[in-house]
Structures are given as structure tokens and as C-alpha cells.
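J.: Each chain is listed here by its residues.
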Amino acid sequence: MNEITGKVSAQYNKAEYYLQLKRTNDSLVQANQRLYNKLKIDFDLPDTTSKIVLDTIRIDSLTQYRKFNYLESKVVYNSVTLQSNYIELGRGANAGIKKEMGVVDVTNCVVGIVTDVSDKYAVVMSLLNKDSKISAQLKKAKDVGTITWDGKEPNLLQLTGIRKSAKIAKGDSIVTSGYTPTFPYGQLIGRVEEIITDKSTNNLTINVRSAANFYNLQFVYALEDLKRDEINKLLDKVKKQDQ
Amino acid sequence: MSTLVKNIFRFILFILVQVYVLDRIHINYLVTPYIYFLFILWLPFNMSRSSQMIIAFILGVTLDSFRHNPGFHAAACVLIAYIRPFIISILIPQEGSDTNYEEPSAKSMGGFVPYMVYVGTLTLIHNGWLFLLEAWQFANIWYFLIKTLLSAAISLLLILATELFFNRKQKFRTNTI
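Protein chains in written order, with the working numbering: chain A, 1 to 243; chain B, 1 to 177.
These are computed hints drawn from the structure, not numbers from a lab. Ideal placement from N, C-alpha and C gives every residue a C-beta, glycine not left out. Any given hint could be a false lead.
When the alpha-carbon atoms are kept at most 25 Å apart in a straight line, the in silico DMTMM-like pairs for lysine to aspartate or glutamate are as follows [claimed, not checked]:
1) A:LYS170 with A:GLU153
2) B:LYS147 with A:GLU153
3) A:LYS199 with A:ASP172
4) B:LYS147 with A:ASP131
5) A:LYS133 with B:ASP64
6) A:LYS7 with A:ASP119
Some but not every residue of chain A turned toward chain B, in silico, with C-beta under 8 Å [claimed, not checked]:
7) MET1
8) SER79
9) LYS152
Bound conformation, chain A alone (with noise of 0.2 Å):
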């Protein structure tokens, strides 16, 4: 069924993508501005009176290892109007994309996980999904709570789960967890726009504008965690020892 409906998703996208090239370009050129100032190069020192010291000690300091990946694919269907919103993309297993995968658009914000893969194509939940739940954290205040959406206002996300005493201010960054193998650690989800007090709960509920912008998604990047299977093993093996 995938199959089917992402062979004509892909045929009506061609058409949907010549459209929006415009809006395409600029979000790519922003992604590169990004990158480029996070180059070494545009970095200098204080002063004269600090320098790098390499620490020699160090063991395994070069033995870098490599433990996200990103694969770049085209979205070829895209809803934002629904209740429960998907995403469908271009590639699929052939491409290496798997199941729980995260996925972030071309500037890095989160825009979903991975639910269904078949063949050439994958379905990915939205965050703009009544279903969706991803583990968030405020990057000042380091509090963990869970982002959801509750079904009205594209592009309006909700976090739960953050205690009233929490230090929050509108205009705070909130970021990936990296408490699940799915994002890594500082990946940016939104920023707080409205703090709501519910005097029944302990917790604040907090809207959340998401930095990603679901209205135009033509090019996105599923993130593949090389350590996932090592991770699932041994908790796996614990959840045996437990047993």
C-alpha cells in the first residue's frame, strides 16, 4: 500500500517541488549559513596569553568514533491539516532507512520518527501527530519533560511534564532529550511561546512554536544511530536478569 500511494505522491510532488523551489533554496542557504559559522576558521582566540594545549594523555582521544548518520531523502507527501499527520518519504529499507529512526529537516529541527518502511519509500509520524511523543528538554533550565501536539494549530506544539518551580521564560530553547537512542543530546525542537498554569497539576504546560516548519518540507535527513543495536542488547540482557 505504501508503494502505491508513494508512487503517486512522488509523480504530484515533482510538480509541488518545481513550485516551491524558491522557499527550497532560501531554507538550504540558511542550513549552509548555519554550518559555515560553526567552522573552525571563524573562531580566534582571546588572547595572546591562552593557547590550545593538545593533552597527550588522553587515551582514545583520536580513536574518534562516528555515532549518528545523517541520509539525506526527498519528502514526497506531506499533510499538516489532519488530526494525525505523516510524512512520506522518497527512500525506504533500500536506502538504509529502519524503523524509529528520527528524522530532521534541513536546518536541523526535529520533524519526526520513522513508523513504516517499505521497499523505496517510509512513512514518518510528524510531530504534528496526536500519537507523537518525544522526550524534550529546556536547554537553560535542563528540566525533561514530553512534547505532543494536541490537534489545532499547526506548527503549535505542547510540553508537558515541566514542574511549576522549573526557571522558563518565553522565548526558550527547547531541545532533544538524547535520552533515546532516536535524537541525539541539542537538537533544537521549538521555542516556548506561551506558559500556561494549570492550578489542578503540579506541571506547567508550556506552547511551544516548533522551529521546523512543516508547510514547506521538501528535503529532510534521517538520523541513523550506529550504537542502537548495542543499546537494545543490553537492555534487552537486563530486562532478562530482571526477569
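We have chain A; now place chain B onto it with these hints.
T.: Structure of chain B alone, referenced to chain A:
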């Protein structure tokens, strides 16, 4: 054009318009217009109820697989396909009118008002059942009611426009074959 070819053509057209045009619209972050179920309302009179329900199921499942939903539209479509014959038999003006014409329209149902009652009732049932299944809660009943009513109103407006744009030729057939 034979009835079968005409209906296959309609099926494809309604699904494509719904998925790629109307699903992109979100009026006031609340209402998405629906029109694809007009296909069921336009099915011929002389079909048996079970075959109507099977066709409605196929229509719903097609839309569901495009949206990756677990069968919400299939359920709503089968429901209105089941209720459709009851409403037709209540509203049809005289005995035999459903054999004189091929499919429901303002002409074959004896006027504009009965036809709009037929369309309006089924639109309300379809949208109400669909949103109920989607939300599966009564926590926010006003939101649900307003959403159903508004989306039904906009669907009706679209159906009216469709009827005016595409004049379906309804030949009068005698039932003496």
C-alpha cells in the same frame, strides 16, 4: 459513457482532488473541506446495499492509505453507504421515481429541497462520525460540535458548487422495458 467507466473516472478524480487540493486547506486551523464522499451520494439507485457498502469501503480505504490513517474514512463511508437507501426511500417523491432516473440529483429527487436534505444529512453523519473517530473523546464537546457543523457547511457549499459546475445530464427512462 457507461455507468461503470463514469464511476471509475469519478472515483479517481474525487480521490485526487481530496488528497492533493482540499487536504492542503485548513480554514482558521479548524476546518478541512471534504468532498470525496459525494462519489457515494452519486452512486446509481439500482445498486444493492451490500455492493454500495463494498464500494464505499474501497473509497474510504484508498483515502486512508494516502493519509496513513487506520480506517477512519472507511468507517465513515461505509456508514453513509448503509444509511443512504433509507434516506432515499423517505425522500423520494413517488413510487417508481428511482427507476425512472439513474442516480440521485435535484431533478430525480423531485426538487432542490429534498436533494439538499439528502446531501446535508449524509454530510453531517459522515463528518460527525469521522471527527468522533479521529478524536475518540468527548472531552471538548463544543470544539467537536463546532468543527462538525462548520466542516459540514463548507462541504455543502462545495457540493453545491460542484453541482452547478458539472451539470449531470439525467435522462428520463421509462420503467417499461
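J.: When the nearest CB of chain B is found for SER79 of chain A, is that gap smaller than 8 Å?
T.: holds, 6 Å
J.: For LYS170 of chain A and GLU153 of chain A, compute the direct alpha-carbon distance and say whether it is at most 25 Å.
T.: Holds, at roughly 19 Å.
J.: Measure nothing beyond the straight line between the CA atoms of LYS199 of chain A and ASP172 of chain A; if it is 25 Å or shorter, mark the hint as holding.
T.: OK: LYS199 of chain A and ASP172 of chain A at ~23 Å, within 25 Å.
J.: For a C-alpha distance cap of 25 Å, please report whether LYS7 of chain A and ASP119 of chain A respect it.
T.: At roughly 12 Å apart (the allowed maximum being 25 Å), ASP119 of chain A and LYS7 of chain A satisfy the hint.
J.: Checking hints one by one. Is LYS152 of chain A an interface residue toward chain B, by the C-beta closer than 8 Å rule?
T.: holds, 6 Å
J.: Run the distance test for LYS147 of chain B versus ASP131 of chain A: straight-line Cα separation, threshold 25 Å.
T.: holds, 20 Å
J.: Assess, step by step, whether the Cα of LYS133 of chain A is no farther than 25 Å from the Cα of ASP64 of chain B, and give holds or violated.
T.: OK: LYS133 of chain A and ASP64 of chain B at ~22 Å, within 25 Å.
J.: Need the status of pair LYS147 of chain B, GLU153 of chain A: alpha-carbon distance at most 25 Å?
T.: Between LYS147 of chain B and GLU153 of chain A the Cα gap is close to 13 Å, so the pair holds against 25 Å.
J.: Can MET1 of chain A be said to touch chain B, with a Cβ gap under 8 Å?
T.: holds, 5 Å
Checked against the numbered hints above, the structure breaks none of them.
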